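*Asks:* Construct all of the structure, not just a fragment, from the sequences and the given hints.
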Amino acid sequence: MTTFRFLSISYCVLGFLIQSPALATEPTVIGSKKFTESYVLGEIAKRTLTEAGISADHRQGMGGTIILWQALRSGQIDVYPEYTGTIVQEILKRSNPMPTDQVADELRKIGIGTTKPLGFNNTYALVMRRNRASALGIRTISDLQKHPELKLGFTHEFLDRQDGWSPMAVAYRLNSQNVAGIDHALGYDALRNGQIDVKDAYSTDAKIADYNLVVLEDDQKFFPRYDAVFLNRLSLNDKAVAVLRGLEGRIDEATMTRLNAEAERTKDYARAASLFFDSSGTSTPSFGESFAHKLSRWTSRHLELAGFSLLLSIIVGVPLGIWASRGGPIGHVILGFASVVQTIPSLALLALLVPLPFFGISVRTAITALFLYGLLPIVRNTATGLQDIPRGLRESAIALGISSRARLWQIYLPMASRSILAGIKTSAVINIGTATLAALIGAGGLGEPILSGLNLNDHATILQGAIPAATLALLVQWFFDFLDRVLIPKGLRL
Amino acid sequence: MSALVQLTGVSKTFGDAAAVHSIDLSVERGKTTVLIGPSGCGKSTLLRLIIGLLQPDEGKIEFDGTSLSAGNIDIIRRRVGYVIQEGGLFPHLTARGNILLMPRHLGSDENEMLSRLAELCALTRFPANLLGRYPLELSGGQRQRVSLMRALMLSPELLLLDEPLGALDPLGRVALQKDLKEIFERLKQTALLVTHDLAEAAYLGNQIVLMNQGRIVQKGSIVDLREQPASTFVSDFINAQRGLMLT
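Here the protein sequences line up with chains A and B, keeping their order.
Straight run, no breaks: the first sequence in numbering that gives the first Met the number 0 ends on number 493.
Straight run, no breaks: the second sequence in numbering that gives the first Met the number 0 ends on number 246.
In short, the hints are calculated from the structure, not lab data.
Don't take every hint at face value.
Claimed, not checked - According to the in silico footprint, chain A covers these stretches of chain B (three or more CB under 8 Å from chain A):
id : stretch
1  : 70 to 76
2  : 228 to 238
What the hints assert, rightly or not - SDA-like, lysine to any residue: derived pairs with alpha carbons at most 25 Å apart:
id : chain 1 : residue 1 : chain 2 : residue 2
3  : A       : K489      : B       : G131
4  : B       : K59       : A       : I397
5  : A       : K489      : B       : S138
6  : B       : K59       : A       : E394
7  : A       : K489      : B       : E109
8  : A       : K238      : A       : S73
9  : B       : K187      : B       : L122
10 : A       : K115      : A       : E105
Owing to the predicted nature of the structure, the values given are computational and were not obtained by experimental measurement.
Cβ atoms here follow ideal geometry from the backbone N, Cα and C, with glycine treated the same way.
*Replies:* Written out as structure tokens, the structure is:
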């Protein structure tokens, strides 16, 4: 009876925690990469489509090229902004430049459409502090040959790309020893503070002017053109495609640089995008969401992710724990599996799930990863809680002649309830923390402001996510302390 | 009248339980049989074999003429009460919850249960106002009385007691010894009790079974054991306890 009460209350509580995701009519889903310009282009596409009467959703900063491309191929997004150089080198894997028409034909063969260039070339560039470059007499990338001692800080993507650091070092015969990987936005600060001397940049980055940096001339013409285009699934409706085509040739380099600067100044991508639509040149604050509304959206999504995954962990973990408590090879396999899952870094687990069919860039993937993470504490605590029941009590229960089912539900589980609840609490707190990573694969939650804050290198935005996430973890902790008092039989708390 | 429990040629050897070898034993109806012997002689193992917590390697155990088997063990367990040294009360249930666990599971009538409970409180001299307490809120003696009530609730044909007084202080021990004797006589209860205390065995037992190293050394009354010891072990065991009482 007590057990039943325990379970029914916990399920009610979980039910309360989890709000069912709202069902929406299918809007056009726009994705963007994890850097300012991509966010702004995503917002421009969203507003352009919306103004044409097509409902659109923008999933900001989903990741790098591969993640966006996979998401587009698998239909998780319909549109995203890409660059011709990246398409040729990274997606089509060609080492030589291709004419635009041929690129479009190649893409069409694999079910993807493309607009013509939007009007600006955002090429890769290497940048340095202006005074440092002039002091060393460095003007071109070739000039770097004479200074192997310089510290180079590149984004991880640039380090790996076919048009990135390694082939560039070969082409320019550079032999630098000090090369490190660093986040794009953080890299600008490192450059300004002198922690690094050279970094990769996009030629339309607003920070180049802001921080008084100089672009080193690509004297060997190593970097291909990076004309911005929108890629779309061929299944996207004709009207939406026509609307996106309307943006061809309309954004020049000066405009894009200004929009990027505005985005970084105001921390508001929609507002920066509005500059493009408003010819007067003043941006209108995005009429979108108030902070309170955003916070509640992030928080409820966060609870949804953590709550659903926790519920799954309980439903699966408790029976597995019961099974594992009986020992033997199966018990070892169960505990071993749960432990191994726990040792996979959470980021790696997400990345491993993304390419699998059924998962991809989705809430589903985030919940699955969190569920797997939450499993171990529950399985282990259930198993040890049951195993720790003294032999005398175990035998007294058997000697009663009560059915094994009733023995489990009325005697063993209530006696192990404290340990089981402690395991659930551990999982819940872990899940609240780990759920911030869900934003990396576009699943939302409080990781969203943290991610975009990292991207903008803006501490206030990071705190908008970090403070509520920490508060939530504390609240969950208190909530479980309260549950301990309500659910755990009094006789065990003496 | 045949014995309620009959063990024939029972052997059990394994890991952590004290082994027993070729045991023949009858537990007579309406009598108290006491198993006594030094630690590790296998007396508790015999009790655990009878309640089916262990299965014999060899030999046969019959309860009321029926051989114990996996198919009938739970039915037989409900006809047997089992009390262990620490009481074996479930800490998450109150005294009342512990006592009524089994009848509730079997769907007994609530009023009948409550009147039976009142009867048992009187029988075991347990204050009814403590029934709402949890095991950890009771003294050792009170816990053993609750454990006894739980064992007696379904009016078992056999009561198995594994050193039920072993963890009590001397005063509590004497009080419960007296009460146990009175209860057994009043109910004409068939009981099989394990102890290592000769005085307790002499006081409670109609038949005393002395064991050593997994074998029965001698069966009989305390007078038989004292006056016609079957071996030097028997006289040594009796003298050791007597010596202790004199010092």
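*Asks:* Take the hints in turn and mark each one as holding or not.
*Replies:* Taking the hints in turn, this is what the structure says about them:
1. 70 to 76: Holds, because 5 residues of the stretch 70 to 76 of chain B bring their Cβ atoms closer than 8 Å to Cβ atoms of chain A.
2. 228 to 238: violated (count 0)
3. A:K489 <-> B:G131: holds, 11 Å
4. B:K59 <-> A:I397: holds, 21 Å
5. A:K489 <-> B:S138: holds, 18 Å
6. B:K59 <-> A:E394: holds, 22 Å
7. A:K489 <-> B:E109: holds, 24 Å
8. A:K238 <-> A:S73: holds, 21 Å
9. B:K187 <-> B:L122: Holds, at roughly 13 Å.
10. A:K115 <-> A:E105: holds, 14 Å
In terms of the numbered hints stated before, the structure departs from hint 2 and from no other.
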